[in-house]
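> Please take these sequences and the hints and turn them into a complete structure.
Going line by line, the protein sequences match chains A and B.
If you're matching positions, the first sequence starts at 384 in my numbering and goes up one per residue.
If you're matching positions, the second sequence starts at 676 in my numbering and goes up one per residue.
None of these hints come from the bench; they were simulated from the model.
Treat the hints with caution; some may be incorrect.
[To be verified] Taking lysine to aspartate or glutamate and the DMTMM-like style, the derived pairs with C-alpha atoms no more than 20 Å apart in a straight line are: (1) Lys681/B / Asp420/A; (2) Lys681/B / Asp422/A; (3) Lys735/B / Asp716/B; (4) Lys719/B / Glu778/B; (5) Lys764/B / Glu818/B; (6) Lys533/A / Glu818/B; (7) Lys469/A / Glu758/B.
Bear in mind the structure is a predicted one, so any value in this text is a computation, not a measurement.
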Amino acid sequence: MSTANETKPVGIDPRGPRFGATITNVLSIVIFFFALDSDPINQSAAYLLLVLAAALFAVGAFFGTSSHPYAWLYKKLVRPRLGAPKELEDPRPPQFAQAVGLFVAAVGIVLQAVGVTYGVAIAAAALFVATTLQAYFAYCLGCQIYLALKRSGIIRAS
Amino acid sequence: MPLEVKLVLFVALALLTIAAGLIWKARSGSANSVKAGESVDLGKLKAVKDGAPVSQFGHKVTFVQFSTEVCAQCRQTARLLGEVEAKHKDVLHLEVDVTNRLELAAHFKVLQTPTTLVLDSTGRVRSRIGGAPKPNVIAQELEKLEVN
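See the structure below:
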């Protein structure tokens with residue numbers, strides 16, 4: 384019926400990425416509170432957790448969301464309880480969202496490293512907003528910002 | 676930073692996020708009518724349907740859906756509009772991938788996907804739907820253009 388995307392990659396369970404977003408959502412809250420703590424040990428913990436989040440985003444962004452550890456958790460723990468999905472989804476939109484997450488986490492890490500006091504907290508807040516919208520409102524970053532970024536030249540045309 | 680301040684900051688952030696989510700949900704998928712809309716040039720649109728280039732509009736309504744490769748809601752929208760097309764013989768649904776057609780996206784001022792243009796029988800743009808169209812919005816558009 385539709386003519387776009389003739390070379391569609393293998394579909395994925397659309398609930399997988401939302402499950403992953405829920406975990407990242409909780410993680411972003413933890414990072415946010417640790418980052419704003421006066422105890423330097425907790426601040427360091429926040430920094431390291433943001434590095435961990437960035438590493439996880441990098442897996443999703445470069446190798447696809449199916450190779451993500453959260454996808455494995457989802458397959459092992461959640462999906463058996465839910466049954467088969469009604470329909471499969473294109474894996475490219477969540478992969479783009481992972482790349483955006485990686486960018487945000489990286490900005491936070493760099494800001495903190497160059498001495499911006501709340502760099503990690505700001506990145507955690509941004510991740511919280513994005514993952515809340517994604518997990519609970521079915522907001523799709525690829526739908527909302529990809530074309531605008533591409534048209535403005537921030538993302539290169541492939 | 677004291678715990679109270681952190682909690683206040685977090686609650687404010689959470690409330691703003693939820694408000695933004697609710698506003699987005701309410702607005703996304705509604706139709707805005709276009710006054711004196713342009714006539715779409717099928718030659719420039721270069722829509723392809725079932726492997727063949729499209730040279731005619733639907734008898735009463737044509738839905739032109741702009742999509743990209745990284746748009747999850749575009750798939751759902753294509754399914755919905757495909758079902759509407761199958762149900763009404765006067766309706767045509769065209770999906771145009773603008774991932775690599777930025778000039779076309781700029782011409783129609785498409786920033787988010789899916790963006791759907793509702794064309795009348797002459798190919799003139801009558802309404803514009805940003806986001807995944809709500810089924811009742813589609814029903815209203817069909818009614819406006821007298822599709823039974």
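> A separate judgement is required for each hint: does it hold in the structure or not?
Status of each hint after checking the structure:
1. Lys681/B / Asp420/A: holds, 8 Å
2. Lys681/B / Asp422/A: holds, 14 Å
3. Lys735/B / Asp716/B: holds, 17 Å
4. Lys719/B / Glu778/B: holds, 10 Å
5. Lys764/B / Glu818/B: Since the Cα atoms of Lys764/B and Glu818/B sit roughly 14 Å apart, the hinted pair holds (cutoff 20 Å).
6. Lys533/A / Glu818/B: Answer violated: Lys533/A to Glu818/B is near 36 Å, above 20 Å.
7. Lys469/A / Glu758/B: Holds, at roughly 17 Å.
Hint compliance for this structure: hint 6 alone is broken.
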